[in-house]
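S.K.: Based on the provided sequences and hints, a complete structural model is requested.
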Amino acid sequence: MTDGQYALEARGIVKIFGNHVALDKVDFGLRPGEVHALLGENGAGKSTLIKILTGAYQPTLGDVIVDGSPVTLNNPQHAQTHGIGTVYQEVNLLPNRSVAENLYLGHQPTWFGFVDRRKMERDARTVLARYGLNIDPSSELGAHSVAVQQIVAIARAVELSGKVLILDEPTASLDRNEVERLFDIIRDLKAQGLAVVFITHFLDQVFAIADRVTILRNGKLIDTKSLDNLTRTDVVRLMLGKDIAFSGATQLEENRPLGEVLLDFKGYGKKRSVMPFNLTIHKGEVVGVAGLLGSGRTEMARIMFGADSADEGTVSVAGKPTSISKPTDAIAHGFGFCPEDRKAEGIFGDLSVRENIVIALQGKLGWFSALTRDEQMEIAGRYGESMDIRAASLDMPIKLLSGGNQQKAILSRWLATDPTFLILDEPTRGIDVGAHAEIVRTINRLRDEGLALVVISSELDEVVAYSSRIVVMRDRELVAELNGENINPGVIVQAIANHKDGVQT
Amino acid sequence: MIRRSLLKLANPQLLALIGVLLINWLLFPNFFRVTWQDGRFFGSLIDVLNRGAPVAILAVGMVGVIATKGVDLSVGAVMAVAGAVAATMVVAGYPAPIAVVAALVVGLLCGLWNGILVAILDIQPIIATLVLMVAGRGIAQLITEGFIVTFTDPVLIYIGTGSFLGFPMAAVIALVLMIIVTLIVRRTAIGLFIEAVGVNRAAASLAGIRSRMLLLLVYSLSGLCAAIAGIIVAGDIRGADANNAGLWLELDAILAVVIGGTSLLGGRFSVPLAFVGALIIQAMNTGILVSGFPPEFNLIVKAGLIFIVLVIQSPLASRLAPPRIKPVAKAAAK
Chain D
1 MTDGQYALEA
11 RGIVKIFGNH
21 VALDKVDFGL
31 RPGEVHALLG
41 ENGAGKSTLI
51 KILTGAYQPT
61 LGDVIVDGSP
71 VTLNNPQHAQ
81 THGIGTVYQE
91 VNLLPNRSVA
101 ENLYLGHQPT
111 WFGFVDRRKM
121 ERDARTVLAR
131 YGLNIDPSSE
141 LGAHSVAVQQ
151 IVAIARAVEL
161 SGKVLILDEP
171 TASLDRNEVE
181 RLFDIIRDLK
191 AQGLAVVFIT
201 HFLDQVFAIA
211 DRVTILRNGK
221 LIDTKSLDNL
231 TRTDVVRLML
241 GKDIAFSGAT
251 QLEENRPLGE
261 VLLDFKGYGK
271 KRSVMPFNLT
281 IHKGEVVGVA
291 GLLGSGRTEM
301 ARIMFGADSA
311 DEGTVSVAGK
321 PTSISKPTDA
331 IAHGFGFCPE
341 DRKAEGIFGD
351 LSVRENIVIA
361 LQGKLGWFSA
371 LTRDEQMEIA
381 GRYGESMDIR
391 AASLDMPIKL
401 LSGGNQQKAI
411 LSRWLATDPT
421 FLILDEPTRG
431 IDVGAHAEIV
441 RTINRLRDEG
451 LALVVISSEL
461 DEVVAYSSRI
471 VVMRDRELVA
481 ELNGENINPG
491 VIVQAIANHK
501 DGVQT
Chain C
1 MIRRSLLKLA
11 NPQLLALIGV
21 LLINWLLFPN
31 FFRVTWQDGR
41 FFGSLIDVLN
51 RGAPVAILAV
61 GMVGVIATKG
71 VDLSVGAVMA
81 VAGAVAATMV
91 VAGYPAPIAV
101 VAALVVGLLC
111 GLWNGILVAI
121 LDIQPIIATL
131 VLMVAGRGIA
141 QLITEGFIVT
151 FTDPVLIYIG
161 TGSFLGFPMA
171 AVIALVLMII
181 VTLIVRRTAI
191 GLFIEAVGVN
201 RAAASLAGIR
211 SRMLLLLVYS
221 LSGLCAAIAG
231 IIVAGDIRGA
241 DANNAGLWLE
251 LDAILAVVIG
261 GTSLLGGRFS
271 VPLAFVGALI
281 IQAMNTGILV
291 SGFPPEFNLI
301 VKAGLIFIVL
311 VIQSPLASRL
321 APPRIKPVAK
331 AAAK
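Chain order of the listed sequences is D and C. All the letters of the first sequence, read from the start, carry residue numbers 1 to 505 under UniProt numbering. All the letters of the second sequence, read from the start, carry residue numbers 1 to 334 under UniProt numbering.
No wet-lab data here; the hints were simulated from the structure. There could be a bad hint or two in this list.
[Said to hold, decoys possible] Taking CB as the label site, the calculated pair distances span:
1. D:G267 with C:I127: 37 to 43 Å
2. D:R122 with C:I308: 55 to 61 Å
3. C:L265 with D:E375: 28 to 34 Å
4. C:V105 with D:N278: 51 to 57 Å
5. D:S139 with C:I308: 50 to 56 Å
6. D:S309 with C:W248: 39 to 45 Å
7. C:I127 with D:L94: 19 to 25 Å
8. C:L26 with D:P76: 57 to 63 Å
9. C:I123 with D:K119: 18 to 24 Å
10. D:L61 with C:I308: 45 to 51 Å
11. D:S309 with C:V134: 56 to 62 Å
[As the list claims (entries may be wrong)] Here are the simulated DSBU-like cross-link-like pairs (lysine-lysine), alpha carbons at most 35 Å apart as the crow flies:
12. D:K51 with D:K271
13. C:K69 with D:K270
14. C:K69 with D:K364
[Said to hold, decoys possible] Heads up, incomplete: computed chain D residues facing chain C, CB under 10 Å, no partners named:
15. L227
16. I331
17. F337
18. P339
19. D341
20. K343
21. N356
The C-beta atom is built at its ideal place from N, Cα and C for all residues, glycine as well.
M.R.: Next up, the structure:
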């Protein structure tokens, strides 16, 4: 049996929420003294698996095995007593208490029932020294940088558990030097025999620190492999589910003549968000944006629409230089934007389908030229029909509609403004097959009508099917622009994975 | 269309108002008796309209604020400020129209101040308006120099106690204001935008709605309404009382809006129903007074009413009584 070698193991884990299968018979084994990366796109089941390993969720089926014996973990505190500690992306310590208190909260050394502050601070100093931190344990935690807080969180997790350390996107808010420092600490812990699970969206970091990798996709285990034998391309392919046999097998759009230039972004970017990029967009073309989650694709869409304002570069619309610093500027130029998070930024849940459709047009018309109810009904009815929005009544609250119908309503909202340029961020995520097809059909129709579109999607087949051109984002940078024959999943996967020479380790 | 608006009248708020009035009638048989005397109507019903006017006016301003997911705690204090401005100006010899306009402008500026704190500085509304709630009374006291400034100006007194076509001036002003504000928000797109911002400000901003301008507008309107109510109350007692004018009325105004069916979580709102909410509160107050119960009951009955309204609006109640429209398709997983 190889099982004995695992510090923490999950065997045949199934987790079902309602009628949605979040994890489907997933096995996961973690050896002492290894850094094990857990990868997968959004919705792949990473966080569900982590929550089961830390006792926050109970598996529907399957076992969690610690040191060879099955255990039931009731909650994260309970997992801690089995030696499993977790550090989350957002440091969840108490910024207004001292470093020492944060290290020992709930476990303070006591002296006749009173907290022995002096001993606590002395101990804290020794612990922190082991992590290369020479800070005053009595100082307030919030006064230190996020990186230091992150290290304190790790120190706390290791002190309290000491066998397994789960790091959930610990580097998301750190700069490069801080990441290096964190990695040094992880290497130390690994040398001490700790088993580390490392979750991140940055592939470079996976290759820099991890020994093995487990990849999940749509709740299923794809593979667990040693990184020695893997290239970046292999990993991306496993994450996105693209077989080599598949590449080149897509039908290409015949090279159509490009329309006039509509938009020209030059050196457009925003610090700490998207590195400057150049992008020219013509009328009647779909520019697909590919890239992993966190690659800067959404940030790029947001600065194009003025939802975040760019702090460098220029943009010109139809040849005229202009500035787009807020959504109303963009809308005045005929832009429209369907955001990625439909619920939080797209729909007005309590308002009717009708109002959700007319709102952008009304916003464009301003406060005083209100559409009458009849006009609203006419507009909403027209798009409801052409987009096939399934609603019992256009007056019902949009929150009662399915995700696909909500997405169609948001698309209709922009079509009603008679746009020249649409940005769609993951327009087909989480919607049913019928609505999916309708939206892809609409994208093709709009392109034929001469609109310019930028479509962000993780579905490579889909991007390939409708894009005239594809730009690839990696690490907040536009790294490739693919044309003609290069528009196929194989090349895209290569571009997403490709390691830029010597820039980052 | 006409049929539709008649049906709309049969809503819970109007039924509640009728219910409260009927209970009053049972407790006090003369409740519905209205007499004509000295060129004006008299009676308990008229009293409800007259006494309820200040809160009704506040509610007309408050409803827009609450629909944007905000709240304006300063309206009571702004009433005191506006009353103080109007009173000291007429006492100092300015003509009444100028004093009134000055008081209205001051109220508008107070509202604008709240709006700037909320819309530009992004301070939570409850804290932002708390500033002026506290400072307002101080400002009013500075204006009146600590005294109750009494006046004999006939125009101000007419605004507070006069009558128009036999109806109390205060009630006429409240009704006209309610109609004007309703027309403004419903005949323009402002009402829709207020609801959109209240439901989802992030989505509103991406849909191209200038939510900051809108917030400045609703808070300014609330300040203006508070000033109108302040002038009426000052005219009614023929003096400006910086300490007591409008005291705690912000809470009645919020209650009126909530009774009127606007959720404190923002979104859907109705100006006329908030107005009706204010009348319901006053009908209870008046009912308890005329039926001879000790006024202490008033507070307990009011608290009971708040409790009932909140229970009706709670998530539990909406689970027990699911919406009549059935969802067409199940929400997509996740």
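S.K.: Would you mind marking each hint as holding or not holding in the structure?
M.R.: Against the structure, the hints come out as follows:
Taking 37 to 43 Å as the suggested C-beta distance range, the pair D:G267 and C:I127 conforms, at roughly 41 Å. One distance hint, 55 to 61 Å for the beta-carbon pair D:R122 and C:I308, holds here, with the actual separation near 59 Å. Our hint of 28 to 34 Å for C:L265 and D:E375 holds, since their Cβ atoms are close to 29 Å apart. Roughly 52 Å separates the CB atoms of C:V105 and D:N278, a value that falls within the hinted 51 to 57 Å.
Between D:S139 and C:I308, the C-beta spacing of about 52 Å keeps the proposed range 50 to 56 Å intact. As the Cβ distance of D:S309 to C:W248 is approximately 44 Å, the hint placing it in 39 to 45 Å holds. For the hinted restraint 19 to 25 Å between C:I127 and D:L94, the CB-CB distance of approximately 23 Å keeps it satisfied. Restraint check, C:L26 to D:P76: a C-beta distance of roughly 60 Å satisfies the suggested window 57 to 63 Å.
For the pair C:I123 and D:K119, the supplied restraint of 18 to 24 Å is violated, since their beta-carbon distance comes to about 43 Å. For the pair D:L61 and C:I308, the supplied restraint of 45 to 51 Å holds, since their beta-carbon distance comes to about 47 Å. Separation of D:S309 from C:V134 is about 36 Å and departs from the stated range, judged on CB atoms against 56 to 62 Å. About 33 Å separates the Cα atoms of D:K51 and D:K271, which keeps this hinted pair within 35 Å; it holds.
Taking the CA atoms of C:K69 and D:K270, the gap is about 31 Å. The hint holds against a cut of 35 Å. For the proposed pair C:K69 and D:K364, the alpha carbon gap of about 23 Å is at most 35 Å, so the pair holds. About 30 Å separates the beta-carbon of D:L227 from the nearest beta-carbon of chain C, more than 10 Å, and the hint is not met. At about 4 Å, the closest approach between the beta carbon of D:I331 and any beta carbon in chain C falls short of 10 Å, and the interface hint on this residue holds.
For D:F337, the interface hint holds, since its Cβ comes within 10 Å of a Cβ in chain C; the closest pair sits about 6 Å apart. With 10 Å as the threshold, the beta carbon of D:P339 comes within range of chain C, its nearest partner Cβ sitting at about 6 Å, so the hint holds. Checking D:D341 against chain C by beta carbon gives a least distance of about 9 Å; that is within 10 Å, so the hint holds. Evaluation of the D:K343 hint against chain C yields a held restraint, the C-beta minimum of about 9 Å falling below 10 Å.
Restraint check, D:N356 versus chain C: the minimum CB separation of about 9 Å is within 10 Å; hint holds.
The structure fails to meet hints 9, 11, 15 from the earlier list, while all remaining hints are met.
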